[in-house]
Amino acid sequence: MTSITFLERVSRYSIYLLVLLIPLWMLPFSQNILDYQKQALLVVSVFVALSASLALVVNKGEIAFRKSIVSLFVLPVVVGAGLSTLFSLWKYGSFWGWPLHTTDNFITIISFAFLYFVILNHIKSLKDLVSVYFFFIASAAGAALFGLLQLYGIFLLPFSFAKQIGFNTIGTPSNLAVFIAFILPLTIVLAFLSRSLLKWVLWVLVMALFGILAVVNFSEAWFVLIAGLLVLLAFGMWNVKKRSEFGWASLPMAFLVVAIFFIAFKVSLPGSPTTPVEVRPSMQAEISILSEVLQKRPVLGSGPGTFVFEYTKFHPAALNQTVFWGTRFGSGASE
237 MTSITFLERV SRYSIYLLVL LIPLWMLPFS QNILDYQKQA LLVVSVFVAL SASLALVVNK
297 GEIAFRKSIV SLFVLPVVVG AGLSTLFSLW KYGSFWGWPL HTTDNFITII SFAFLYFVIL
357 NHIKSLKDLV SVYFFFIASA AGAALFGLLQ LYGIFLLPFS FAKQIGFNTI GTPSNLAVFI
417 AFILPLTIVL AFLSRSLLKW VLWVLVMALF GILAVVNFSE AWFVLIAGLL VLLAFGMWNV
477 KKRSEFGWAS LPMAFLVVAI FFIAFKVSLP GSPTTPVEVR PSMQAEISIL SEVLQKRPVL
537 GSGPGTFVFE YTKFHPAALN QTVFWGTRFG SGASE
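Per our numbering, the sequence shown runs over residues 237 to 571.
Fair warning: there could be bad hints in the mix.
[Unchecked claim] No more than 27 angstroms apart at the CA atoms, straight line, and that leaves these computed lysine-lysine pairs for BS3-like:
| # | residue 1 | residue 2 |
| --- | --- | --- |
| 1 | Lys327 | Lys532 |
| 2 | Lys399 | Lys296 |
| 3 | Lys303 | Lys399 |
| 4 | Lys532 | Lys549 |
| 5 | Lys435 | Lys360 |
| 6 | Lys303 | Lys363 |
| 7 | Lys360 | Lys296 |
| 8 | Lys360 | Lys303 |
| 9 | Lys327 | Lys502 |
Bear in mind the hints are in silico, worked out from the structure with no lab data behind them.
Take the sequences, apply the hints, and build the full model.
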């Protein structure tokens, strides 16, 4: 094996390992057992992949960079986040996240940007792309199943923090539902494109994910699923060449009808678990806070992860007459 082949495999396998582990990843060695640990996994994996990519450039003696129109959208996001961090109310917290919001910070944003460029340059074949998708979907399905068992009081982990029905490896139960809704259209696409045994495995995952989503039953997740299915149908119709090729749309349209039904009639399946109540600011309160921030800092805002500061200053005065008068929220309803 040549050094070039070795470095290419290191970059590619780092991506595989990251997408396989991150939905399930957690370590009970710190106060923040989910977000902080996932951020650390992301940063380390991207650092290894990026280091291998740079070593590959040195070994080849040339810089080869694949062009993509998506890069035109990635770069302004990184620059904007960097400037917002530079002029943040608390630069340290906005850069690292901890002890503010662990996922909303510059180090996470730039890590995802580097991950995008590594994937762009090292995932070159359809086989590699399918592998990335499959590992991510399989891990997501495992996280969804674990979260469902937690809601039913079936605790697989021995840790005390895991003995709560609201615990899962994604976040809150509503976070898990939105995550499933995001993964489902992607799984449907991959199932249509796959063949033989992999195809059947993916269709089983599609039905399992949809069933878990129906059991957890959060309205926000149904809206996310509807948006994803509409995008799927739009791209599918754009690429259809013959009327006979449109048969694939029957399943996404059936899921679309079911999602609308759950939203319209507010029904729950018999035997569905009782999900814990999640307290967060209302969308109206968040918009009010946003308008106040934009009046004072209209271009760059107050910096990544600083929602808690703005909530403390600009939250509705009526909340002071409720039991939430002393609560400090680290993120808004829209997250």
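Verification of the supplied hints:
1. For the suggested pair Lys327 and Lys532, the alpha carbons sit about 18 angstroms apart, so the restraint of at most 27 angstroms is met.
2. With a CA separation close to 52 angstroms, the supplied pair Lys399 and Lys296 exceeds the 27 angstroms bound.
3. Our distance criterion of 27 angstroms between C-alpha atoms is broken by Lys303 and Lys399, whose separation comes to about 48 angstroms.
4. For the hint pairing Lys532 with Lys549, the CA-to-CA distance comes to about 12 angstroms; that is within 27 angstroms, so the pair holds.
5. A hinted pair counts as satisfied when its Cα atoms are at most 27 angstroms apart, and Lys435 with Lys360 qualifies at roughly 22 angstroms.
6. For the hint pairing Lys303 with Lys363, the CA-to-CA distance comes to about 20 angstroms; that is within 27 angstroms, so the pair holds.
7. For the hint pairing Lys360 with Lys296, the CA-to-CA distance comes to about 17 angstroms; that is within 27 angstroms, so the pair holds.
8. Of the pairs offered as hints, the one joining Lys360 and Lys303 holds, with about 12 angstroms between alpha carbons and a cut-off of 27 angstroms not exceeded.
9. For the proposed pair Lys327 and Lys502, the alpha carbon gap of about 43 angstroms is over 27 angstroms, so the pair is violated.
When each numbered hint is compared with the structure, violations occur for hints 2, 3, 9.
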